[in-house]
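A.B. asks: Okay, here's what each chain looks like letter by letter:
There are 4 protein chains.
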Amino acid sequence: TLQHLFKEIFKAGLELQEDDHRKALLVSRKKHPENTVVEIRGAKIGAGSQQLIFGPCAVESYEQVATVAEAVKAKGLKLLRGGAYKPRTSPYDFQGLGVEGLKILKRVADEYDLGVISEIVSPADIEMAAEYIDVIQIGARNMQNFELLKAAGAVNKPILLKRGLAATIEEFINAAEYIMAQGNGQIILCERGIRTYERATRNTLDISAVPILKQETHLPVLVDVTHSTGRRDLLLPTAKAALAIGADGVMAEVHPDPAVALSDSAQQMDLKQFDEFMEQLMASSLVRS
Amino acid sequence: TLQHLFKEIFKAGLELQEDDHRKALLVSRKKHPENTVVEIRGAKIGAGSQQLIFGPCAVESYEQVATVAEAVKAKGLKLLRGGAYKPRTSPYDFQGLGVEGLKILKRVADEYDLGVISEIVSPADIEMAAEYIDVIQIGARNMQNFELLKAAGAVNKPILLKRGLAATIEEFINAAEYIMAQGNGQIILCERGIRTYERATRNTLDISAVPILKQETHLPVLVDVTHSTGRRDLLLPTAKAALAIGADGVMAEVHPDPAVALSDSAQQMDLKQFDEFMEQLMASSLVRS
Amino acid sequence: TLQHLFKEIFKAGLELQEDDHRKALLVSRKKHPENTVVEIRGAKIGAGSQQLIFGPCAVESYEQVATVAEAVKAKGLKLLRGGAYKPRTSPYDFQGLGVEGLKILKRVADEYDLGVISEIVSPADIEMAAEYIDVIQIGARNMQNFELLKAAGAVNKPILLKRGLAATIEEFINAAEYIMAQGNGQIILCERGIRTYERATRNTLDISAVPILKQETHLPVLVDVTHSTGRRDLLLPTAKAALAIGADGVMAEVHPDPAVALSDSAQQMDLKQFDEFMEQLMASSLVRS
Amino acid sequence: TLQHLFKEIFKAGLELQEDDHRKALLVSRKKHPENTVVEIRGAKIGAGSQQLIFGPCAVESYEQVATVAEAVKAKGLKLLRGGAYKPRTSPYDFQGLGVEGLKILKRVADEYDLGVISEIVSPADIEMAAEYIDVIQIGARNMQNFELLKAAGAVNKPILLKRGLAATIEEFINAAEYIMAQGNGQIILCERGIRTYERATRNTLDISAVPILKQETHLPVLVDVTHSTGRRDLLLPTAKAALAIGADGVMAEVHPDPAVALSDSAQQMDLKQFDEFMEQLMASSLVRS
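Protein chains in written order, with my numbering: chain B, 20 to 308; chain Z, 20 to 308; chain H, 20 to 308; chain D, 20 to 308.
Here chain B stands alone, though its shape is the one from the complex (with noise of 0.2 Å):
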């Protein structure tokens, strides 16, 4: 009938409007279509391989970050992650080590030659972090901060993009698009689980989100399994899950002694736990390096 032909016309058109405006995206793999890889101290993501990428939620001293980074070298891996500005919910709880923090990052990273990532939350501090650290991350309470977007965007650094808490997956990519605008395109996304009803997790790993980003953006996509289930007894498991999906790599939190960390003390592996954890990740034959 006329009035179906005519629903199929505005259904088409819908489809090509909403087409054009994904296409002129920067960060769209509509115009874009290869893979956009990011090198970090020889460590490529988004070229095909996976990363894994570990250290401790906060950096608390020297030792304790060295300590890690012997784990993480020791395995032959290349990426170290660690906090040094924390956002914390309160005011009063342990807000990190700030330039300190980066200061004892860049010595571990510069002795155990690992790239590292870590995060930062002021505009104003972006340009001296760039000289610490090999990535800077933007976390998911400033996935929407624009200013600090824009900041990210003009340093030649590469990014990483954290989902915020309950941001949709266009909204994601619009704000990478904020980053690219600026002139970086260095960046990584970073699936960490976003809020919903559920209490069993800390929040709700989206894993469909990985191959709908793959799709739609250029970038590579990361899982953050620490944040999005919140429990050390499922970091293994979403692991498996998140390469298996085609992530570019996963991230997870590992402290020489949760039981006295700082910060996120209960979803943190103790060395033991990672060493663990990788044997196990590598026996699944589920790493594609």
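What the hints contain is simulated information worked out from the structure, not anything from laboratory work.
It is possible that part of the hints are untrue.
One copy or two, it doesn't matter: identical chains are merged, so the pair holds either way.
As the list claims (entries may be wrong) - Here are the computed lysine-lysine pairs in the DSBU-like style, where the Cα-Cα straight-line distance is at most 30 Å:
id	residue 1	residue 2
1	169	122
2	49	291
3	125	169
4	122	92
5	97	125
6	63	97
Could you slot chains Z, H and D onto chain B? The hints should help.
C.D. replies: The following block gives chains Z, H and D in isolation, referenced to the frame of chain B:
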């Protein structure tokens, strides 16, 4: 300090208490550490190998079901799904063929020697349905239809219980307990996505629910990739994630001609897509058989 | 430009379409512009005045119900609620007195000349229940138990339909349509909070749903302040909001001794709190009578 | 039994603990039982009377703002809102006039003697902004931009803090604490809807948050009816609910010509709708002045 000690005692007490509660459930792994294995016409679910289950959203005709069954059989698979009773949001949408649909399923199941799964929506139909089908499905909208659960618990037939649209894992486990409390322990759980704010997918596949359910209960756990994503292009990657994370099987919808399907036309695979899906899934060497 | 014009035609077309769809529903205000008025033992819901409905979560004994009924009657109110069948998350929680509960309700209702509302959970019980109670309630967990809705549509008795735990307004309206499509148009809708990530309240009262439902349908709309908040201290403020926004009435739970209640003890008012609640609500001059 | 007693001790202990924690917060009513009253050019928020605050989504020109200011003034109102910096999902959407917008707001505020509220998005702009506007707004996307909160805590200017898109009430209270911990106690909280699965409204107005925030903190609480609903037809009913539940005021957007507005055109009232809105709201006798 004393206060700290006090807190620790509290925590310990609370955990003990919750522990006790869970131990009390018949479906709990604490009560019964071994995996429950459900056998359907010789196919075992929960015994280590992973089952792949396909079929049309709704039973529309003998020819339609037989066509899919032939494709399923040709791939060496043993289970078929298809809806005879369709709970639909609107009373004016197609509600399924009812008992005629069950008869078609039985005929096809017998001809192709496949175990067949179909949803039942009324307590009054449970016993009758047990004569036609191999597994009675309780759908997401009925996960807390306790009268239906009790009726399902009173027959000697495997039950496939889908997680509710916005059910917590705890509610899901308790819904299974309603069935087992009536004497029927042949229960298969099925994660099928939960309702969240995200609109890129029909529901959000809660992949972490799989290891949690495997850990908390002794029941086999499937993942329905069709209803969790609502997108044909996500069936393959989410199936891989489900298998890697340890699901006992994957369900997806296949229809000979999705464009004319009476329900869910946008998310069903046609036979060619089904071939490609299976080829790529088997090539991934993720399927434990 | 041409493209813009094209877009506008699309939008117009889409709206027309949706409009048509809604007009088609029997519960739609477009189909029937006048308010539906439901009459229960002389009390009218939907006719302009606002009804206040109280009673215990579960019927536990004749004395318990009669005590509340006396308090209700003393305040000049006309309606009483109480659960005889209690759908509970766990099979081991108190499930209600069943038909004995209905008999108690009928006896109390007759003695105090109050209209009485009670939930029914099985299609097989609907006709029987119609002999004991004045309004059959379909609970949140059964909002999409379509067999129950159809059975409710087949009796000549008012139906109080609660919104599902995580039902959209559109699904809620369609659930009402299931009842009306069977011939029973005496339907009262009840907003009772939706499931969200927020944990300060048991559910999140979706207060905007009230004007939307009043606008989209011709049915009366109540607000259940007990289940939406789960907090005794929020009953009064949310009741005020419900009345101010135009609800046709408010429901809340009252129990002679909440501490020993067999269900929901933390959120029911005792008789003294009920007195205070009514005093303050009447003093607010918000109740349209 | 002994076990029950043990449980009760636990519960009591837990509550004590949480209680202590809340008491420690500067924004807590336990710390400071009296209402905080914020004074803006003579208008008091939190002192009992309820303020109505209107203005365009974005400042577009002097004429635009002046036209709205005239209408606001004519109704005897004292406060005006308007955005000079607009955090937008896409980098290609209109981002506001920036400091030029602030200058327009100051000129209009002085000419019409109205207190003016405007959002600031960068810590670096807070001090500058304090010279132009009467209240600095921290928007929903920046509720956990802790650097911005700290900067806001360091100026002597009232801060209007909006609840984050998916922030819990606890996180909201802690965000306010970030400001007050820096020395600035002139804080106004604003509920503006939360992100849920429901699509009938842009967000879900969490009306219960108002009494909870009033109870937990000593700060004034507003409701933004425009952003919580995203629907012009819901502004009046939700404003009534907000006033009835005890909010200290209501915010809504008014634009001389919404159809050509550079942002949020669908949800702003034009001047005629604004007249009707005010007429009906005043007729309801809900506004405490």
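A.B. asks: Which of the numbered hints above does this structure break?
C.D. replies: none
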